[in-house]
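If you're matching them up, the sequences are chains A and B in order. For the first sequence, the numbering used here assigns the number 1 to the initial residue and increments by one for each residue that follows. For the second sequence, the numbering used here assigns the number 1001 to the initial residue and increments by one for each residue that follows.
Just so you know, the hints here were simulated from the structure itself, not pulled from any lab data. Positions of the beta carbon are idealized from the N, C-alpha and C atoms, including for glycine. Hints are not guaranteed to be accurate.
[Unchecked claim] Some residues of chain B that are not near chain A, with every Cβ distance over 10 Å (derived):
no.	residue
1	Leu1013
2	Ser1018
3	Gln1022
4	Thr1024
5	His1029
6	Ala1052
7	Tyr1064
8	Ser1067
9	Thr1071
10	Arg1077
11	Leu1078
12	Gln1085
13	Leu1095
14	Val1114
15	Leu1115
[Unchecked claim] Below, computed lysine to any residue pairings styled on SDA-like, alpha-carbon distance capped at 25 Å:
no.	chain 1	residue 1	chain 2	residue 2
16	A	Lys59	A	Gln80
17	B	Lys1044	A	Val47
18	A	Lys99	B	Thr1055
19	A	Lys99	B	Met1027
20	B	Lys1044	A	Pro39
21	A	Lys99	B	Gly1051
22	B	Lys1057	B	Thr1005
23	B	Lys1057	B	His1029
24	A	Lys56	B	Asn1102
25	B	Lys1009	B	Gly1058
26	A	Lys57	A	Leu46
27	A	Lys70	B	Asn1102
28	A	Lys99	B	Asn1030
Below are the chains, spelled out letter by letter.
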Amino acid sequence: TQLLEQSPQFLSIQEGENLTVYCNSSSVFSSLQWYRQEPGEGPVLLVTVVTGGEVKKLKRLTFQFGDARKDSSLHITAAQPGDTGLYLCAASYGGATNKLIFGTGTLLAVQP
Amino acid sequence: NAGVTQTPKFRILKIGQSMTLQCTQDMNHNYMYWYRQDPGMGLKLIYYSVGAGITDKGEVPNGYNVSRSTTEDFPLRLELAAPSQTSVYFCASSLFGGAPYNEQFFGPGTRLTVL
Chain A
1 TQLLEQSPQF
11 LSIQEGENLT
21 VYCNSSSVFS
31 SLQWYRQEPG
41 EGPVLLVTVV
51 TGGEVKKLKR
61 LTFQFGDARK
71 DSSLHITAAQ
81 PGDTGLYLCA
91 ASYGGATNKL
101 IFGTGTLLAV
111 QP
Chain B
1001 NAGVTQTPKF
1011 RILKIGQSMT
1021 LQCTQDMNHN
1031 YMYWYRQDPG
1041 MGLKLIYYSV
1051 GAGITDKGEV
1061 PNGYNVSRST
1071 TEDFPLRLEL
1081 AAPSQTSVYF
1091 CASSLFGGAP
1101 YNEQFFGPGT
1111 RLTVL
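Construct the complete structure from the given sequences, taking the supplied hints into account.
Dropping the structure here:
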């Protein structure tokens, strides 16, 4: 069974601060997705990374895929209260059905 | 498009009762999934379907059943509810099953409490 670990579990920061969230596995991913979930809602896809070493930017969010495709990070610059939510990474390990394995999540609270 | 809709939003069950969680999508997606989300545990896959008439077990299928008679609907049945089934249940769908194109679209969830 593949395990996907995220760190930290909880993060409470002030508006304007920077932060990084990590997603790690002992197995190689075929691809990795990052989702954000707001209270009372389902997760919504932010980005998919596919190639080792790949970097993608989405406004103030920067996503990186590790060279060995076993880890990924999400960096937020100048966090805003609207960034508050649960951040989930989800990995595909290949196979016929390509089910997603979700990480345990990082709960981010950005205080104004 | 409504996307993925789930009913009910909240439900309280007594131990041993049964219920069906409804899930409908209007995006003509072949792939549909049921997850449960427990605090600090991420999302665990219960069952999934790759098309009408085809279902398969996920990581935590015990105590649940599913059916997929149409492309749009994927109900989840709980038989003999137990306190361990207290959780938030999410239904999701995707157009493609294969990575990296398997973006999943989620419903708003059903919060279930078993007392």
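The hints, checked one at a time:
1. Leu1013: holds, 20 Å
2. Ser1018: holds, 24 Å
3. Gln1022: Correct as stated: the minimum Cβ-Cβ distance to chain A is 15 Å, above 10 Å.
4. Thr1024: holds, 14 Å
5. His1029: About 14 Å separates histidine 1029 of chain B from the closest Cβ of chain A, which puts it past 10 Å; holds.
6. Ala1052: At about 16 Å from chain A, alanine 1052 of chain B clears the 10 Å cut-off, so the statement holds.
7. Tyr1064: For tyrosine 1064 of chain B, whose nearest Cβ neighbour in chain A is about 16 Å away, the distance exceeds 10 Å, so it holds.
8. Ser1067: holds, 18 Å
9. Thr1071: holds, 17 Å
10. Arg1077: holds, 20 Å
11. Leu1078: holds, 19 Å
12. Gln1085: holds, 19 Å
13. Leu1095: Correct as stated: the minimum Cβ-Cβ distance to chain A is 12 Å, above 10 Å.
14. Val1114: holds, 20 Å
15. Leu1115: holds, 22 Å
16. A:Lys59 to A:Gln80: holds, 12 Å
17. B:Lys1044 to A:Val47: holds, 20 Å
18. A:Lys99 to B:Thr1055: holds, 13 Å
19. A:Lys99 to B:Met1027: holds, 19 Å
20. B:Lys1044 to A:Pro39: holds, 18 Å
21. A:Lys99 to B:Gly1051: holds, 14 Å
22. B:Lys1057 to B:Thr1005: holds, 22 Å
23. B:Lys1057 to B:His1029: Status holds; Cα separation ~19 Å.
24. A:Lys56 to B:Asn1102: Holds: lysine 56 of chain A and asparagine 1102 of chain B sit about 18 Å apart, inside 25 Å.
25. B:Lys1009 to B:Gly1058: holds, 23 Å
26. A:Lys57 to A:Leu46: Holds. Lysine 57 of chain A to leucine 46 of chain A sits at ~10 Å (cutoff 25 Å).
27. A:Lys70 to B:Asn1102: Holds, because 19 Å separates the two Cα atoms, which is no more than 25 Å.
28. A:Lys99 to B:Asn1030: Measuring from Cα to Cα gives roughly 14 Å; hence the hint holds.
Comparing the model with each earlier hint shows no violations; every hint is respected.
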